[in-house]
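According to the working numbering, the sequence shown is numbered sequentially starting from 56.
Be aware that one or more of the hints could be misleading.
[To be verified] Distance windows between CB atoms, simulated:
id : residue 1 : residue 2 : range
1  : Gln334    : Met308    : 42 to 50 Å
2  : Gly239    : Ser156    : 40 to 48 Å
3  : Ala174    : Met308    : 17 to 25 Å
4  : Ser268    : Arg117    : 21 to 29 Å
5  : Glu372    : Pro351    : 20 to 28 Å
6  : Pro106    : Asp345    : 23 to 31 Å
Think of the hints as simulated: they come from the structure by calculation, not from any bench.
Glycine included, C-beta positions come from ideal geometry on N, C-alpha and C.
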Amino acid sequence: MTTPDLDATLGEPSDEPRRSRSSRDARMLTQAVTSGSADASGLLGEAMDAPREEFLNDEGWRVAYYADTAAPGRPLVLVHSVNAAPSSFEVKPLFEQYRGSRPVYSLDLPGFGHSERRAQGYTPEFYARTLVAFLERVVGAPADLIALSLGCEFVARALSTRPMLANSLVCIAPTGFSARTPFGPPVGRVVHRILTIPGLSQGLFNLVASRRSIRYYLGQSFVGDPVPETLAYAYATAHQPGARHAPLVFLSMQLFTPQARSELYGTLTDLPVLAIADQDPYIDFAHLDDFVASHPNWSRERLEPNMGLPHWERLSETVGVLDAFWASHQPDA
Numbered sequence: 056m057t058t059p060d061l062d063a064t065l066g067e068p069s070d071e072p073r074r075s076r077s078s079r080d081a082r083m084l085t086q087a088v089t090s091g092s093a094d095a096s097g098l099l100g101e102a103m104d105a106p107r108e109e110f111l112n113d114e115g116w117r118v119a120y121y122a123d124t125a126a127p128g129r130p131l132v133l134v135h136s137v138n139a140a141p142s143s144f145e146v147k148p149l150f151e152q153y154r155g156s157r158p159v160y161s162l163d164l165p166g167f168g169h170s171e172r173r174a175q176g177y178t179p180e181f182y183a184r185t186l187v188a189f190l191e192r193v194v195g196a197p198a199d200l201i202a203l204s205l206g207c208e209f210v211a212r213a214l215s216t217r218p219m220l221a222n223s224l225v226c227i228a229p230t231g232f233s234a235r236t237p238f239g240p241p242v243g244r245v246v247h248r249i250l251t252i253p254g255l256s257q258g259l260f261n262l263v264a265s266r267r268s269i270r271y272y273l274g275q276s277f278v279g280d281p282v283p284e285t286l287a288y289a290y291a292t293a294h295q296p297g298a299r300h301a302p303l304v305f306l307s308m309q310l311f312t313p314q315a316r317s318e319l320y321g322t323l324t325d326l327p328v329l330a331i332a333d334q335d336p337y338i339d340f341a342h343l344d345d346f347v348a349s350h351p352n353w354s355r356e357r358l359e360p361n362m363g364l365p366h367w368e369r370l371s372e373t374v375g376v377l378d379a380f381w382a383s384h385q386p387d388a
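Could you put together the complete structure from these sequences and hints?
Okay, here's the thing in structure tokens:
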């Protein structure tokens with residue numbers, strides 16, 4: 056189902072070109088949220104200047120996605136990261152770069168963006184099943200995938216059961232290669248019970264999703280100053296109804312797979328995989344080089360300096376690396 060754009064929400068005329076409206080909406084959102092003059096819960100506009108649709112996953116959740124399928128070619132699917140305030144906006148530069156030259160999709164993972172935000176049900180397996188359903192029912196052809204951070208683990212889990220759904224995978228700042236191993240599910244469940252104590256959970260999330268907190272934590276992922284629109288959209292999406300539920304599961308570490316290298320990434324033995332990783336303020340890549348050296352289908356590019364979002368600060372270099380990687384791994388090569 057296609058949803059109305061921000062103009063309809065604001066009650067403004069919508070006869071101007073869509074792209075100019077999108078730019079204006081972004082400026083309005085940035086000004087309203089950063090100045091504190093508006094309630095962000097009513098200002099979640101479109102992350103992309105593209106049609107937004109929905110599909111139902113196997114559990115019946117509404118999952119929103121953006122698509123530009125006007126051009127032929129191999130589909131490109133973009134998967135954002137997981138934190139307090141993620142959405143398709145995180146991958147917007149890549150969507151804009153490749154739309155018009157090939158089919159491009161970006162989905163809001165359940166619990167984030169315009170997708171359904173239930174109080175519970177968030178697990179790595181749930182996200183993997185959602186991705187499989189999306190690739191099978193919506194995309195419908197083997198795709199090149201680009202995932203960010205923890206999204207890489209979800210994609211790897213999905214492809215470990217359905218490798219035929221992908222032509223290649225690019226992992227930008229992937230989790231699972233740090234020197235520290237996340238604690239297991241039993242501890243995570245205890246932490247989550249604490250984080251979701253009635254009367255505490257919303258207050259805690261309000262601190263995490265405050266303007267100051269978002270400005271600080273998202274700012275750490277940029278080498279230079281963060282793009283203002285990224286801060287504004289992150290704040291807006293973190294102040295929608297039910298916004299706290301999935302992030303609190305994330306903060307309890309239940310969405311991480313402790314042995315991701317062997318259980319997830321290690322299963323992708325035939326699929327071409329590129330890791331783009333230089334530095335990240337929240338994880339390290341201590342085991343990445345050794346893993347790549349022992350897995351011939353994997354390669355690594357640093358694109359230094361970057362702190363996990365090279366497609367925002369070094370788009371041309373990122374595109375060059377992506378295009379070269381895909382050119383060297385054509386399906387018929």
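Hints versus structure:
{"no.": "1", "hint": "Gln334 x Met308: 42 to 50 Å", "result": "21 Å, violated"}
{"no.": "2", "hint": "Gly239 x Ser156: 40 to 48 Å", "result": "43 Å, holds"}
{"no.": "3", "hint": "Ala174 x Met308: 17 to 25 Å", "result": "19 Å, holds"}
{"no.": "4", "hint": "Ser268 x Arg117: 21 to 29 Å", "result": "28 Å, holds"}
{"no.": "5", "hint": "Glu372 x Pro351: 20 to 28 Å", "result": "25 Å, holds"}
{"no.": "6", "hint": "Pro106 x Asp345: 23 to 31 Å", "result": "43 Å, violated"}
Violated hints for the displayed structure, listed by number in ascending order: 1, 6.
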